[in-house]
Amino acid sequence: MPVEMSSRRSSRITDEEISELISKLQSLLPESRRRSMSRASAAKLLKETCSYIKSLHREVGDLSDRLSDLMSTMDSGSPQAEIIRSILRS
Amino acid sequence: MASSHWDSAFVSKTTAEMLLRMPQQQVAVAAAAAAVTDFDSSSSLDTGTDAPSADGAMVRSPLSSELHESIKVQNQNQHGRVDHKRKSKDEASLGIRDGKSKKQKRPKGGLKITEELRSSSDGYVHVRARRGQATDSHSLSERVRRKKISERMKMLQGLVPGCDKVTGKALILDEIINYVQCLQNQVEFLSMKIASLSPVLYDFDVGIADCINQPQKLIMRSIPQPLAYVDQMNHLQAKAFDSGTTTFSQDEGSALQMGEQTQGFVDQIGFTNIRSIISRPM
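Taken in sequence, the protein lines are chains W and G. In this text, residue positions in the first sequence follow the numbering used here: the first is 1, and each later residue adds one. In this text, residue positions in the second sequence follow the numbering used here: the first is 91, and each later residue adds one.
Since the hints were derived computationally from the structure, they do not count as laboratory data. Do not take every clue at face value.
To be verified - Straight line, CA to CA, 20 Å or less: simulated EDC-like cross-link-like pairs of lysine to aspartate or glutamate:
#1 Lys237(G) with Asp69(W)
#2 Lys44(W) with Glu16(W)
#3 Lys44(W) with Asp226(G)
To be verified - Quick look at which bits of chain W chain G covers, simulated, 3 or more residues with Cβ under 8 Å:
#4 12-26
#5 40-52
#6 60-73
We put the CB at the ideal spot given by N, CA and C, even for glycine.
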C-alpha cells in the first residue's frame, strides 16, 4: 500500500491535468470557438496560442494608442463626459 | 562501392541507348569528357562506352548534359535509399511515404527548425537517435512530436512574461492561460473605455432600464453594446472616471488587477462582441 501511494504521489502532475489545461487553453483561443470543439493536436494549439498572444499584444497597443488620443483631445468637463459619468454611477 | 558501381552501370546503359538514337553532331570533346567524368563512376563507364569511335564520343556531349541532370536526380534518390540501409544501424530515418504530413517538417516563417528535423531533398525526415534510445519508428515519431511541442513551449515562454522562471509543463501552461485571460480582459477593458468615451458613434436609443435589468439579452442585439456593459463594469469605470487622471500605466495595472473580478462577466458575455464594434473602421 505505501509503495503504491508514493508512486501515485510522485507523479503529482498527472496527464489528465495537462490535457485539462490544454483543453482550457483551446477554449480561450478564438479559432476553436468557430469550429466544433474537436481536440486539435497540442503542437498546433501551442502554435495558435503563440500567434494569438502576439495579436493580442498588437491589439492592446492599438487600443491604448487610440484611447490616449481620445483622452488627450477630449475635454473632461464636456457635457458628454458628464453624461457618461452619471450613467456609470447609477 | 556498391552504389557507384550501380550508378556507372545505369549510366553506361542509358548512354548507349542515347547514342543509338541521337544523330551525330559536332561538339567539344572536352565538354563531353568533363560531363561524363562528373559522375563518380569508376573506370567501367569508360570501358563500357569506349567502344564507339570519336564520333560517338562527340555525340555524347549535347545529350550528356541532360543525361547528367536526370542521372543526378536519380542518384540522389538512390543514394537516399541506400543511405537509409546504411544508417539504420546507428541512426534511423522516418519514412513518410505513408503520407503523414505531421512528420515532415516544412519551413514556415518564424518557426525554428533544428538540424535534426530538417527534411532532406529525398523527402525523408532524418532523425538521429541518441545512444541508448530506442530506434523503432514509433518512439522516433514520438520523440519528434515531443521535440516539436517543447520547441513551441519555449517560444511561448519567451512571449509570456515571467514564464521562464517556471518549470514543468503544467505550470507553464497555467501561466500561459492566465496571461491570455489577462490580455483578453485588458483588451475588453480598453475597448470599453474607448466606447464610453466616444458616444456619438453608438446608438443609445435603448432604454436604460432594459440595459440594467437584462444585460444578457442586450448582448445579442448588435447596437447597444456599450450600455450593456455599464452595469457590470460599473465599479471599474466609476473608479477610473472619478479619479480624473487616468494614465495608462494605471489603466493597464488596474485591468490586470481586476482580471479576476471581470473574469466572470467576460466569460458570460463573450469576448468578441465589443471587439467587433470597436475594431470597425471609423
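Hints, verified against the model:
1. The suggested pairing of Lys237(G) with Asp69(W) is violated, with an alpha-carbon distance near 45 Å, which exceeds 20 Å.
2. A distance of roughly 19 Å separates the Cα atoms of Lys44(W) and Glu16(W); the hinted pair therefore holds under the 20 Å criterion.
3. Proposed proximity of Lys44(W) and Asp226(G) is contradicted: the alpha carbons are some 25 Å apart, above 20 Å.
4. Under the rule that three or more residues need a Cβ within less than 8 Å of chain G, the assignment of the region 12-26 of chain W holds, with 7 such residues.
5. Here's how the region 40-52 of chain W fares: 8 of its residues keep a CB closer than 8 Å to some CB of chain G, so the rule of at least three is met and the hint holds.
6. A stretch counts as covered by a chain when three or more of its residues have a beta carbon under 8 Å from one of that chain; for the region 60-73 of chain W and chain G the count is 8, and the coverage holds.
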